[in-house]
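J.: Work out the full structure: start from the sequences and follow the hints.
Now for the letters of each chain:
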Amino acid sequence: MSMPPDPMWSPDLPGDADLVRIERLLGRYRHLPSEVPMPAVPAAPPRRHWLRALAIAGGGIAAAVLAVAVWLPWRLHWTADAPWPVTGDAAAPALAVGGTLQTGSGQHARIAIARIGALEVSPDTRLSLVETRSGHHRIALESGHVHARVWAPPGAFGVLDGGTEVIDLGCVFDLWKHADGSGRLAVGSGWVMHSEGGRETLVPAGHALDFAPGHAGLPLRPTAAVAFADAVTALDRALRDGHRDRDAETRSAGLATPDDAFTLLSLLTRYPALADGPLYPRLAEAIGATPLDARHRAAWTGGSVHAINAWWDRMPRPPKQWWRNWRDVVP
Amino acid sequence: MRQPVTPLEIARQVRDAQRGSQAAYAWLYRVFAPLVHTIHLGRAPHAHAEELAQDTFAIAFAQLGQLREAAQFGPWIAAIARRHRGRRDAGEESLREDHDRASPAAGPEDRAEAEHVLRAVRHLPEAYRETLLLRLVEGLSGPEIAALTGLTAASVRVNLHRGMAKLRASLGLAAGPEETADVDAA
Numbered sequence: 001m002s003m004p005p006d007p008m009w010s011p012d013l014p015g016d017a018d019l020v021r022i023e024r025l026l027g028r029y030r031h032l033p034s035e036v037p038m039p040a041v042p043a044a045p046p047r048r049h050w051l052r053a054l055a056i057a058g059g060g061i062a063a064a065v066l067a068v069a070v071w072l073p074w075r076l077h078w079t080a081d082a083p084w085p086v087t088g089d090a091a092a093p094a095l096a097v098g099g100t101l102q103t104g105s106g107q108h109a110r111i112a113i114a115r116i117g118a119l120e121v122s123p124d125t126r127l128s129l130v131e132t133r134s135g136h137h138r139i140a141l142e143s144g145h146v147h148a149r150v151w152a153p154p155g156a157f158g159v160l161d162g163g164t165e166v167i168d169l170g171c172v173f174d175l176w177k178h179a180d181g182s183g184r185l186a187v188g189s190g191w192v193m194h195s196e197g198g199r200e201t202l203v204p205a206g207h208a209l210d211f212a213p214g215h216a217g218l219p220l221r222p223t224a225a226v227a228f229a230d231a232v233t234a235l236d237r238a239l240r241d242g243h244r245d246r247d248a249e250t251r252s253a254g255l256a257t258p259d260d261a262f263t264l265l266s267l268l269t270r271y272p273a274l275a276d277g278p279l280y281p282r283l284a285e286a287i288g289a290t291p292l293d294a295r296h297r298a299a300w301t302g303g304s305v306h307a308i309n310a311w312w313d314r315m316p317r318p319p320k321q322w323w324r325n326w327r328d329v330v331p
Numbered sequence: 001m002r003q004p005v006t007p008l009e010i011a012r013q014v015r016d017a018q019r020g021s022q023a024a025y026a027w028l029y030r031v032f033a034p035l036v037h038t039i040h041l042g043r044a045p046h047a048h049a050e051e052l053a054q055d056t057f058a059i060a061f062a063q064l065g066q067l068r069e070a071a072q073f074g075p076w077i078a079a080i081a082r083r084h085r086g087r088r089d090a091g092e093e094s095l096r097e098d099h100d101r102a103s104p105a106a107g108p109e110d111r112a113e114a115e116h117v118l119r120a121v122r123h124l125p126e127a128y129r130e131t132l133l134l135r136l137v138e139g140l141s142g143p144e145i146a147a148l149t150g151l152t153a154a155s156v157r158v159n160l161h162r163g164m165a166k167l168r169a170s171l172g173l174a175a176g177p178e179e180t181a182d183v184d185a186a
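Note that the protein sequences, when read in sequence, are chains Z and D. Okay, so the first sequence: first residue is 1 according to this note's numbering, each after it adds one. Okay, so the second sequence: first residue is 1 according to this note's numbering, each after it adds one.
It is possible that some hints are incorrect.
Covered, in the sense of this in silico footprint (three residues per stretch, anywhere, with C-beta under 8 Å from a C-beta of chain Z), are these stretches of chain D [as the list claims (entries may be wrong)]: (1) 8-15; (2) 51-62; (3) 112-118; (4) 124-138; (5) 158-169.
Listed below are several chain Z residues computed to face chain D (Cβ distance under 7 Å; list not exhaustive) [stated by the list, open to error]: (6) 8; (7) 14; (8) 22; (9) 25; (10) 30; (11) 31; (12) 38; (13) 41; (14) 78; (15) 81; (16) 124.
Simulated restraints, written as ranges between beta carbons of each label pair [unchecked claim]: (17) 20/Z to 21/D: 52 to 58 Å; (18) 58/Z to 19/D: 19 to 25 Å; (19) 20/Z to 66/D: 15 to 21 Å; (20) 32/Z to 174/D: 28 to 34 Å; (21) 63/D to 61/Z: 43 to 49 Å.
If you are wondering where the hints come from, they were derived from the structure by calculation, not from laboratory data. Because the structure is a prediction, the values reported are computed rather than measured. All C-beta atoms, glycine included, are put in the ideal place defined by N, C-alpha and C.
T.: Encoded structure:
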């Protein structure tokens, strides 16, 4: 469709009499370059190197923030039931939901946990992929050993075994499982929660927990004194069987060092009645909660959650800001 | 019809000026002086508008290093012009000087009528006023106005037609055929 002649748009076209007259009247106000000299032109402005550097730095930061803002959601997103890539000695290049991966003697495999981490699978290990979707990835370890490195919000990755669940809270950990159902969980970074039959045990970095069908041990430092570990294990076993082993309790308190504070805290949390014995003042000393508060001790002995939480708050907590463990993303 | 300047050419000249090219400064002044002049003419007496236009270019050239979007020189200097009102307001009294400075050779009736028309234009909304002055005073075409102001061609066309229709109405003239549709739509 062609436009009609428009003298307002094209001054070369003839307009009506009024337009021509208005143009003529107003034309006298036209800017005449010859009558108005150009103003003085400033000297070439000095180059502002610092401004340029600042702009480059700001641009770099903005680009990095943008990259993280794009990369992080991409990293955490995973299509439901999409298989995990597998490399190494495994027979298949991917592990699908319901599928099983079995390594033989001397064989190693590496499984990508969606995009949030990786599993190093040791020889003679058998595991299967149970569930996988954004924010929720679960495997079942039947036997063998895996080394997990995960950088994701707490609970994103977990290992199932019947009623037992090992939940990653943003960390690096090793998990061994024997054919009889016993095993060991060792945490290298962050926190892991061992959950069995409603009993939850937090295991922090630098601690390990032995477990067996129907029972989880206490978090112990691998470098803790053997005598201390034996005493704590004996005390735990006796209490599980329904009696209080005073001798093991006294030895546990006597052999504990300040570095064993988390073991003592876990022990007293699992068995609050022990707070009326020698473990309570030993833990108080280890975490700097002296002088002793009789009311707090009595409340703890009675199983007060508030009293127990008061001392948990003195310990480093599970990482709500999981991204601070960013080093876990580095292979 | 003259060819309008292109954004690429504007950007190139701005960058050259930022590097200190006197020829580029002269080009920018020559091309954009009508725009700056009409913005001031819409609010100040003719002689004062020339002075304000010079001031505006002096300010703009001094700050040219801060302009990042080189192709946006037109909107940028237009904004400077709108902010720079000088020491005098464009009150009714000061605007009466127009007939004394503009074309002294013209007859008194013409000068009075020109003053009357210019005053009518000054009472139009800013968007119409500036676009209309570029067309009626400077004799620029629609594409040239769009190139200088950074407005879209459609916006320029609307401003021209609606502005002209309002001007005709304020002067008691019959609506032109090309403006009726726009006024009806407004």
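J.: If a hint holds in the structure, say so; if it doesn't, say that too.
T.: A quick look at each hint next to the structure:
Given a C-beta distance limit of less than 8 Å, the hint that chain Z covers the region 8-15 of chain D is violated, as 0 residues qualify and 3 are needed. With 7 residues bearing a CB less than 8 Å from a CB of chain Z, the region 51-62 of chain D meets the requirement of three and the coverage assertion stands. Counting residues of the region 112-118 of chain D whose beta-carbon sits less than 8 Å from any beta-carbon of chain Z gives 4, enough to reach three: the coverage restraint holds. For a cut-off of 8 Å, the count of residues in the region 124-138 of chain D with a CB near a CB of chain Z stands at 5, and the three-residue condition holds.
Judged by the Cβ-Cβ criterion of 8 Å, the region 158-169 of chain D is covered by chain Z as claimed, because 5 of its residues qualify and three suffice. This hint holds: residue 8/Z has a C-beta 5 Å from the nearest C-beta of chain D, less than the 7 Å allowed. With 7 Å as the threshold, the beta carbon of residue 14/Z stays out of range of chain D, its nearest partner Cβ sitting at about 12 Å, so the hint is violated. Hint status for residue 22/Z: holds, given a least beta-carbon distance of 6 Å to chain D, under 7 Å.
For the restraint placing residue 25/Z at the interface with chain D, the shortest Cβ-Cβ distance is roughly 4 Å, inside the 7 Å limit, so the hint holds. Proximity of residue 30/Z to chain D holds as hinted, the smallest CB-CB distance being about 6 Å (cut-off 7 Å). Taking 7 Å as the C-beta cut-off, the interface hint given for residue 31/Z holds, the closest approach to chain D being about 4 Å. Of the supplied interface hints, the one on residue 38/Z holds, with its beta-carbon coming within about 4 Å of a beta-carbon of chain D, less than 7 Å.
A hinted interface residue such as residue 41/Z counts as satisfied when its beta carbon comes closer than 7 Å to some beta carbon of chain D; here the least separation is about 4 Å, so the hint holds. Because the smallest distance between the Cβ of residue 78/Z and any Cβ of chain D comes to about 41 Å, over 7 Å, the interface hint for this residue is violated. The interface hint given for residue 81/Z is violated, since its Cβ lies 49 Å from the closest Cβ of chain D, which is over the 7 Å cut-off. Given hint, residue 124/Z at the interface with chain D, is violated; its Cβ is 64 Å from that chain's nearest Cβ, farther than 7 Å.
Taking 52 to 58 Å as the suggested C-beta distance range, the pair residue 20/Z and residue 21/D does not conform, at roughly 40 Å. The given range of 19 to 25 Å is respected by residue 58/Z and residue 19/D, whose C-beta atoms sit roughly 24 Å from each other. Evaluation of the 15 to 21 Å hint for residue 20/Z and residue 66/D yields a failure: the beta carbon distance comes to about 43 Å. About 32 Å separates the C-beta atoms of residue 32/Z and residue 174/D, a value consistent with the hinted range of 28 to 34 Å.
Checking the proposed 43 to 49 Å range against residue 63/D and residue 61/Z shows it is violated: the Cβ atoms sit about 26 Å from each other.
Hints 1, 7, 14, 15, 16, 17, 19, 21 from the earlier list are contradicted by this structure; the remaining hints agree with it.
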